[in-house]
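J.: Listed here are the chains, written in short residue letters.
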Amino acid sequence: MGVNPAMRSLLSAAAAMGVGLVVLALGLTLSGYDAIAALSAMAAGAFGSPDAIFSAVLPRAIPLILIGLGIGLAFRGGALNIGAEGQFYAGAIAATWVGLVVGGWTIGWGATWARLVTVPLVLLAAVIAGALWAAVPVILKLRFGVLEVISTLLLNFVGEALVSWMVQGPLQESKHIYPQSDLLPVAARLPQWPGTRLHLGLVLALLLAIALWAFGRWTLAGFALRATGANPVAAAVVGRINTRRVFGLALLGSGALAGLAGGAEVSGTTFALFQNLSPGYGFTGIAVALLAQLNPLATIGTGLLFAALEAGASAMQRDAGVPAIAVYVVEATIIIVVLLAEANRRRVALRAAGGEA
Amino acid sequence: MPSLLTLRNISKQYGSVVALRDVNFDLGAGEIHALLGENGAGKSTLMNVAFGLVRPDSGSIVIDGHQQQLRSPVEARRAGIGMVHQHFTSIPAFSVWENVALTAGWSISRPRVAEERVRALAQRIGFDLDPRSRAGDLSAGLKQRLEVLKAIAADARILLLDEPSSALSPADAEQFLSQLRSFKTMGIASVLITHKFSEALGIADTVTVLRRGEVVHNGPISTTNATELARHILGEVPPDRLRLAAAVPGDVRVRVESLTVLRQGSSGPGLRTATMLARAGEVVGIAAVEGNGQRELLRAIAGMAEAKSGRIDVATPVVLIPEDRTSEALIGDFSLAENLVLSQGGAAPWVRGPWIRWRQAHDRTAQLIESFGVRAAGSEMPARGLSGGNQQRMVIAAALERRPAVLVAENPTRGLDFKATAEIHDRLRAAAGAGVAVIVHLADLDELMSVADRIVVLAAGIATEMPTGASRDAIGRQMLTGGG
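Line by line, the protein sequences are chains A and B.
Mapping of the first sequence onto this note's numbering: position 241 corresponds to residue 235, and the numbering continues sequentially without gaps.
To convert, take the position in the second sequence, counting from 1, and add 942; that gives this note's numbering.
Derived from the structure by calculation, the hints contain no laboratory data.
One thing to keep in mind: the hints can contain errors.
Said to hold, decoys possible - Computed beta-carbon distance windows for the label pairs:
| # | chain 1 | residue 1 | chain 2 | residue 2 | range |
| --- | --- | --- | --- | --- | --- |
| 1 | A | R238 | B | D1386 | 34 to 42 Å |
| 2 | A | V323 | B | G1007 | 52 to 60 Å |
| 3 | A | N(-2) | B | S1014 | 47 to 55 Å |
| 4 | B | S1269 | A | A215 | 22 to 30 Å |
| 5 | A | V323 | B | E1017 | 32 to 40 Å |
| 6 | A | L118 | B | G1320 | 40 to 48 Å |
| 7 | B | R1205 | A | I144 | 57 to 65 Å |
Claimed, not checked - Heads up, incomplete: computed chain A residues facing chain B, CB under 7 Å, no partners named:
| # | residue |
| --- | --- |
| 8 | W212 |
| 9 | T213 |
| 10 | A221 |
| 11 | A224 |
| 12 | N225 |
| 13 | V227 |
| 14 | A228 |
| 15 | V231 |
Claimed, not checked - Covered stretches of chain B (chain A as the covering partner; in silico rule of three or more C-beta atoms under 8 Å from a C-beta of chain A):
| # | stretch |
| --- | --- |
| 16 | 1264 to 1278 |
| 17 | 1282 to 1296 |
The structure presented is a predicted model; accordingly, all values stated were derived computationally and were not measured.
No residue lacks a Cβ here, since even glycine has one placed at the ideal position from N, Cα and C.
Bound-form chain A, shown alone (with noise of 0.2 Å):
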């Protein structure tokens, strides 16, 4: 009651963690691993050191959290965007293209000047093509009703094979030896915390973050978003709002997001792009978003416990032994238990208003 729906989130979430990690343990004993041992490790690739926390998870939780923002946005709208892995990759190829192009020509104007030119035009190119990349599917179903939820998921594979072909094609390394594109000039990338792989795309999601949470709350144009994804026929009947207009807007500005997040990823981390550029993270994005109950403030909660998670599977790999594919369990495990928990709250909450329709 006292407690304010984001908080209560992150200890829902937390709680589930908890029963995720004795279900991997069970899972671990059971098929003759050590448990003890891959968990302590899987703790020490998540923050068992300041190069865990600082060079593994913090940059692992900018685009979990950047897409997560972005779902949290399409599904308060209404919007069932099952694509932003799609528009994750369509963000990262035009960073790549706009950073090595743009790069090019800001070469001998000194590394600030070239710095401050070039990064926002290439995470604007990102976010341009996010949203165009969704604005396929917001035209498919205002126009023929085509489910987003079917459109935004089948451009996956697109996005997908563009980057495949891209690396290979259009956007190879000079050697053409290689499937991926040249490294990024130095003006094309986002600065990074000196000795870490920390870079400034953190403060960009937590600023993004608040305003969203912020716009959800105190504006209008949020509180018709919120309506419209609530009750859409209630939204247009007594609201006159136009549905029509906000699921759009609300799945353009998730594309954005994702594209941001793509963008972010190629300028700040991996400095090109090739094939598998996401481990899924368009996906891990939307249990992000769920598990913070689409608020923006909680994703960034959610955002870095995933990103500690699969951290710490990495870690779990490489010194227990245990595929890193075991952490699966304990994030289906925990969405499971979130949904339980929800689906209950709801029907307690339904009781407590009393029987009588």
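Dock chain B against the given chain A, drawing on the hints supplied.
T.: Only chain B this time, still in chain A's reference frame:
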């Protein structure tokens, strides 16, 4: 009469709210037992106890002389109890016989046999249901009958009917209730939950009245009358309502000429031709049986349906009170303040540029809760948590808050109890008294006649204005036969 179902000393509490206190209820074999009470009096909770949906905190259930523990609807069905809910519980894509077979647990390995069985059963109880029709294609009246047929096919000897006539036209409701009577010869007893005295007085043998979770009256129907029942339900004699002096009708606010509007989601005309006026300060009643074009007319006036041909001029702002409270008029998960903000849009005093000042919206909501007598815990409460009557009070408060020139209300008293209904009537009259042009459709003709200054009948999509002083019979005839 031997007792078929006995609920003894049933109590149920939700949190601090007592839903049922020490309730005793007896249903005799072959009896029709009317269960009356206001919304929230505990009628549905009591029936949910009898159907195994709600476990009572204390008390016992005796069926045919045997004490039973009903832990689920499945067990209730096994004990011979069938429930007919207000909402449709069949599978729309399945045929009638498939739905019956599914509920009754019949084998469907031989479709012909099952189909014939359903046909024979429908004939025996006098229902005009084709076993092969798709359930989703049935009319509201036939859907209701399918629900009853399913219960009887599952060998129910006790039928619990939750406001079965609420979705039916007056003529159809009458027919349905007389069919219910004929079940008595088959040894089937019925409990009829209803708001309407006339139904109870017309077909029931016995009546039980609940008020605030307690039985306040029980006895044969023959020894009581409408006035007495109203007193039991409300706990006091309802005051004669003051009919506010109708203001002299003022300027024309709505002018509709030869209007045609297509039915939503189909190509056929819903409204074929309508010509009418509404002036400031009057209540114009639209009388029509469900599906005769009233929805299209009202939505077109409210600017929410496009005219196919004809002219329509409406003063602004025009505000619609949609028929379906929970799906169109309110967002159940939103608080009352959020619902008020939704209804008032961008011109509200709490909107400054792109920002919403929630404090101000909450303050205004609290004032409206107070002045409209909404029983709510506060402006933070989700709309879902209110009873139907209180939801409608909030909806009307929000509608009037927009200072409408024209107020369009679609059946605003649907499902409301006596007291809330009377209050809604008063609000509509008061709005007209304050100079609003009010256009209202009510499913109940008596209600409509008591509220409206003038009545326009819609039959088969054709509008006819009734002359002043037209009798109830004349209006009813026009509703059924009019239009040509």
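J.: Can you list which hints this structure breaks, lowest number first?
T.: 3, 7
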